[in-house]
Structures are given as C-alpha cells and as structure tokens.
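Visitor: Let the sequences and hints guide you as you build the complete structure.
Quick note, the sequences are listed as chains A and B, same order.
Using our numbering, you'd call the opening residue of the first sequence number 29 and step up by one each time.
Using our numbering, you'd call the opening residue of the second sequence number 50 and step up by one each time.
Treat the hints as calculated values from the structure; they're not laboratory data.
One-sided and incomplete, this derived list gives chain B residues near chain A with beta-carbon spacing under 7 Å:
no. : residue
1   : 176
2   : 243
3   : 262
4   : 264
A virtual CB, placed ideally from N, CA and C, is assigned to each residue, including glycine.
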Amino acid sequence: MRAQVATPEPTVENIAHLIRRAGFGAGRAELEQAAAAGIPATVDALLAAPTDPPPGVERPELTPPSKLQLPEGGASEDDRRRQQRRLLIAGRAEYAAVVAWWVDVMVATPTPQVEKLVFVWHDHFATGIRKVKSAWAMLNQQDTIRRHALGAFPDLVSALARDPAMIRWLDLGRSGADAPNENFARELMELFTLGAGNYSQEDVREAARALTGWTFDRFTDSALFRPGRHDFGTKTILGETGRFGTDDVVRLVTSGRESARHVARALWSAYAHPNPPEALVEQLAGVYEASGRRTDALLRAMFTHPDFYTADARTGLVKTPVELVAGALRAFGIRIDRSGDHPQRLVEALGALGQAPFDPPNVGGWPQNSYWATTAMTQARFQVAGAIAALVPDSLLPVPGSAQSVQDMLDRLGMLEVPPQLVPRLQEFRGSPRDLVRLVLASPPYQRN
Amino acid sequence: MPTLSRRSFMSTAAVLGAAVAGAGACTTHPGSAGSGPHGGATAADAPSLVVVTLAGGNDWLNTVVPAGDGTYRDSRGDLAIGADEVLDIGDGFGLHPKLSNLSQRFNEGDVAVVHGVAPPRPSLSHFESADTWQRGDPDHPGATGWIGRWLDKSEHDPFRALAIGNTLPLALAGAEESGAVLSVSGPVPRDDALTEAWYATADSADGAVAVIGRSMDDLRQLGPAQRVALEGMGGEAGNKARGRARLDDALAAAGRLLNGGFGTRVVSVVHEGYDTHSAQRDTQERLLGELDSAVGTFFAELGESNASTTLLVWSEFGRRVASNGSGTDHGTAGNVLLMGGMVRGGHHGDPCRLDDLDDDGNLRPTTDFRSVYGAVLASVLDADPGAVLPDPPAPLDLF
Chain A
29 MRAQVATPEP TVENIAHLIR RAGFGAGRAE LEQAAAAGIP ATVDALLAAP
79 TDPPPGVERP ELTPPSKLQL PEGGASEDDR RRQQRRLLIA GRAEYAAVVA
129 WWVDVMVATP TPQVEKLVFV WHDHFATGIR KVKSAWAMLN QQDTIRRHAL
179 GAFPDLVSAL ARDPAMIRWL DLGRSGADAP NENFARELME LFTLGAGNYS
229 QEDVREAARA LTGWTFDRFT DSALFRPGRH DFGTKTILGE TGRFGTDDVV
279 RLVTSGRESA RHVARALWSA YAHPNPPEAL VEQLAGVYEA SGRRTDALLR
329 AMFTHPDFYT ADARTGLVKT PVELVAGALR AFGIRIDRSG DHPQRLVEAL
379 GALGQAPFDP PNVGGWPQNS YWATTAMTQA RFQVAGAIAA LVPDSLLPVP
429 GSAQSVQDML DRLGMLEVPP QLVPRLQEFR GSPRDLVRLV LASPPYQRN
Chain B
50 MPTLSRRSFM STAAVLGAAV AGAGACTTHP GSAGSGPHGG ATAADAPSLV
100 VVTLAGGNDW LNTVVPAGDG TYRDSRGDLA IGADEVLDIG DGFGLHPKLS
150 NLSQRFNEGD VAVVHGVAPP RPSLSHFESA DTWQRGDPDH PGATGWIGRW
200 LDKSEHDPFR ALAIGNTLPL ALAGAEESGA VLSVSGPVPR DDALTEAWYA
250 TADSADGAVA VIGRSMDDLR QLGPAQRVAL EGMGGEAGNK ARGRARLDDA
300 LAAAGRLLNG GFGTRVVSVV HEGYDTHSAQ RDTQERLLGE LDSAVGTFFA
350 ELGESNASTT LLVWSEFGRR VASNGSGTDH GTAGNVLLMG GMVRGGHHGD
400 PCRLDDLDDD GNLRPTTDFR SVYGAVLASV LDADPGAVLP DPPAPLDLF
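Guide: Printed below as a string of structure tokens:
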C-alpha cells in the first residue's frame, strides 16, 4: 500500500465539493469557514457526529405489527374487506408520514452528513416497503442502520441479518431446514458484501442452510430464532467448513480482501463516481481492513484522497432526487409541512423524480446517473424546482434588478462555479424572482452533485 | 434553523397547467412524409406496436383456461374457473369471464393466443425473468432490450418508441438510443418563456449531467406529443405514486400518440399487480376486467389505425399449476396475446401438458419467447430478427 499523498488544497471550491458529496451542500459562508479549518479537520468533524436523528424533529407515530388490528376470524367477508381497506389507507398514511419526517430531518439537521450516510446504507441494503408493508419496520431498520452507520461494517451486516424488515423483504422467515430460502443468502453475497463472481451457487445454497431458523415474531415485533427450523448440519461456505449459523455466515462474507474491495467500491461509487479504478479500490480496501473494517475510516480515506477532488470526481455524479430536494430546501431553510395531505404530495413529488425513500425499484437499490435522465424524471425536476421556488421565503428571494442579490442567492445555494452561458439566461428573469430561482434549481449545473 | 411560515409543499405543482399546444417545437422527420398533423407517419402509414406488460407474473392458466382438462380442475380446486364460466375460444380453451372484449375480438379473428411461452431455463425470480424477457436474450446479461436494439439501428428520434410511466423499461433501452419516457400523471407541460429558457440551459450540462441535457433536448421536441397524450385526462391522471398511470389512461394516451402523426412506432405501458400469491380470484377479476375494458376502448378509439396496430400482452412468467390455497406461486410458461388487424388470429404453439410437470410442479414450456418477438420484429417493425435477437429460433407465423 503506497503512502497517502498530501491532502488536496482547502480551496473553497474543493470544500464545496466535499460538503455537497458528504452531505447536501452548504452556502458560501459556511464553506469559507470550513476552508479556513482545512480538509482534514473538516472531515474529522463530519465523521465525529452522533448518528441519532436530531431531537428537534418529532418522530411520527407508527403502528408496529403487534398492534395492527387485523380482521378477526369470525368477521364477515364485508367486514374483512372494510378492515383491509382501512389498513391499506392507514399504511399509506404512515408511509407518507415517515418519508415526510425523514426529509424534514435532512433539512433541519445540523449534521446532514449523517442523513446522507444513512441514505447510502439504505440504498446499499435496499429494502422496500412495498413488500415489507410496515412503515414501523422500515424506520426500525433505519434505527439499526444508524447504530452502526459509521462503525464496523460487519456489525451492520450482523444487525441487519436479524432485522424484521430485512427478514420479511428477503424471505428469511420462510426459510426452514426442509426448504432453505436462498433469497437472502444470494443478495447478501451478491449485493451487500462480496459482489457477483466472488462466491459460487454452492456457497449460496450452503449459506441459506446456515441462515435457517430466523423468523419475524409478530407478537414481539422482533426477530426470533426457532431451533426447530434451523439446519444444524455441517456446511462449507467460501472454503470453510463447520456447523455454521448466522453469525458465522456474516463473519465469512465480511472478512477477506474481496469483501473489503466490495465495500470500498460501493462507497466510492456513492460518494465520488461510479466504476472506481482497481488500484484505488485496493488502496481504500487496505485502509478499511487495517481499521477493523470501519466505515468512518474508509470515508476519511476517501474524503482526504486527491482522487476525490479530480475533475472526473467533481463531474461524475448527477444529484439523486433526495440530494436535489434536501439540498435546495436546506439552502432556503424550508421545512416540510407534515400536516394534512402534504406528506402524500411529497411522496408523489419524490416518486415523480424517481426516488421515494423506503421504496427502491428492487433489492439492487437505485441506479445512478443516466437512470435519473428519463424525459419523465427530467421534466419532474423542472416541476419540483417550481414547487420549491414557490416556497422560498420572500426575504430570501433575489431582489428584482439587483445583480448582487442574484449572486447572493447563488452563494446561498453553494453554486460557486456558475457556467458563463447561464448568467445571461438568469438576467432575463431578474424581474420575476421566483422564476429565476426555479430556473437555477432546474438548470443542469444545479443537477451536478 | 429560523422558524418559517409553513407552506404547502407541492400545492403549486398540483395546479393544472394552462398550456395548449401553441407554437410548440414540432419536428418533421426526413424520409417519413406521412399524413399526420406533425408531418410524421401515423399508425395508418406504418405498422405500430403497443406492448402491454402485466407486471408480477400473470396466472395465465386462469386467463386462457384449459376448461375441458380434468387435471386443471383437480389441481386448482376452488381456484379453478368453471367450464360454464369461461368464454369459449375453441381447442378446449376458454377465456376468463371478464375478458369479453377479448373473446369477441378472438371470434372476429383478431387475436392470436400463443401457448406455452417462456425463455429457455425459466427463472422463478421476478427480476431475473422480467429482465430476460425485456432483454430478449436468455444467455447474456446486459443493459439493452429487444426494442432498444431495434432503435439502435435507426437515427435518433425521440418519438419512435415511447414508454408511458416514469421509468424506462429495459426493453426500450438500447446501447445508443432509448425510448422516451412520457409521464401522464403530471400537469400538462407549458409552452412559455420560462420553459424555453430552461430548455436553453441544456448547453450547460457537462460530465455525468450531460444525460440530463440530452433529455431536456428530447423533452423540448416531445412537448407536442406529451400534450396530445395528456389531453382529455383532466391534467392529473393516474396513480401519482412512482409516476404510474392507470392502464385505461395509458392505453388511451397510446392511441392518441399513434394517431398524432409523430412517427411513433412503439408504445409501452404497464399494468401492475399480477403477483397473486393470495386473494387471486378477486384480484384477477379486477385486473382482467381492467385489462379487457382498457383494450376494448383502445381499439374502439383507434379508428382506421386499427388495421396496422398490434397489441402484445406478456408477463414475466405464468404461475404454478397447483393452488396454494387462495392463490398461486411463481411458475414458468404462460401465454402471450397479440391483437390487431395484422394478426393471424387463433391458437399458436403447443399448449402445455398439465399432466407432465417439471420437478417444481411447473409447466414445461413449448414455445421460445424469441419466436414471438421474431415475428413481431419482422412483420411489425421491418427488422431482421437475427440482427436484434442473439441466435433466435424461427419466428412463429403470427401475422
């Protein structure tokens, strides 16, 4: 492993890039402060944050499975249908409530880098409410992710292997010694820890046997191990043999250089650009392993690496819908209205953009870059820019006719490098401030992460 | 964070746009001097294809029912559709009672029912199976689909293949070209100075964002098409979650697009909800009822383009023969339905044998799905199947 070269210059442009990628961006004032502190100190501060959600945003009331009022055995067909309909409507309302809560947290938190990381892990272990059917379970999974977000990755995997939402999502509860279900074992290796080609079908089968016995207990809202459903026999997984259970499987799939590369690749792709070169991956994997497989160590190595600040890295990512919305709302201090049907409208807006939290397209999570560029989603960016522009407080709008106030607004958005072609277009709308804001928020330079 | 007055997020975006197709940016397409209002071919000029995806894995056994087969009745128990309930289409089969429009069109010779269709080595996974069908390639993983690779053979034309919804189906993704995705669940796009100014900022798109710039260029051209798709929908159609449209709205939009003279050759729509592990009887009744009604209306409103428009209905797999109690689990072979004036109506392909199942209790397919695509490519899309599908079997005689 070659020695780390000197950290990049703490220019305000470099810091803007770091803060945009690590979190949801910031205005010029905050960026200049961070530049004065330098990159290593800024990174240290980012990674020292507690990962609990900030106390100022009230958590939604969500119904755990144990408290759901399911139709009774003796109820009539009509009563059952009515009750099921009620559950469906209540379920949708709770889903919207938890999305509105999380986006409000992203806006209000003093530590956006935590929310960003929690979202990155949510995407990595993409679990979807469509199948889990419980907002309570999705938020419970998020709490589990928060506990281990910056810590040891194997601990995160271990906790998620027993997570109720994950159990439901990947059919672990349906897996018994007589018929082991391979869904979780396969996705655990392919997507979460090792990557395609680094394990065999046989490994998947054997791991599935080792993972049997777990189920979700609807009465205690937690994972339950039932020895009667577990295969206690000997398994051979990734070259090792033993009477393996869940903890062993987690150990086997999260040890070794291949797993380190997989995690390094995943986080570099999420934060810097897709398809990192192998030499870089090797370097980061080494740092990660040496640290005891800690996420904070890996992120520190990434955020202080010169390759994080190259032109390729800076132009390598399109803002995801969540990054776009959270960043814009933060810049103008716009909180989420959590009353009435506003949460549902927020869900629709994020859905139109292509990314409703807790609802990934599949277990592979959300793809990057060109995925966001369908004509429908691109048009949605223009619509949502309008909706956000309508919410900007009057005091923060650019003043008609004042070039300085346009510059102030761009500074507030952290847009330090505005392409020259854009400026005359903005001037056209200097008489209609909200149109000007909309144009900026929808412009391609603002879509750059 | 200072306390600010709470305002409704998205309330303004929910307001119906007032746009009417004014001097929108229309393009005429060289070499396609057709008769439509935008100068391009209408469906009356060049054959077109509407792909209807039944997402989730439709239980084809209860859709195209082997009504006379005793094994069907024995395996399905309460879930079986009665011989007296089905709509007879001959050869021992009857359609689900909700498919009245379909059965009428079948009797008029406009519906081809293909039996026993699946990819080789069928997968019971939604993602794997849907991907294989969309790619049109059971052997190589990849990021292109069968219609996308057809698009790659022509120059860029954002109107040529359209998907109604929010995400691009893999089938429409090519290496260089892709279908455009039209949302029909949002407000009508406006045609004003701000929108034009936004389109003009596309030249500031660089790096990874360049794809958004190209999308903005396409959007500018697609404006008229989108307005045509949205007209008559009251501005806010469909299910807003994930940008999905209801099937009847989507097919109505497809019909308008095909008649709009944009030169559109392919439209793709999705009907969700077919993964009936439980509550199958009620769910299928509802879904097939919606399908039948939407298809009936689509053809009724298509007018003279009826003769050259083909609907292809497929699902990522059929379901297991045995009932699991209230539904069925993932299976293998299913039917594909093709409808329209060009179609050679009747039964195609060998029906599966219900008394000769594989080790999982699933049907053994008889027809390679690529032989259906091959027929469509050759007869509807003027393409050589071998140039789009790797190593395809001979196309079926469906047209």
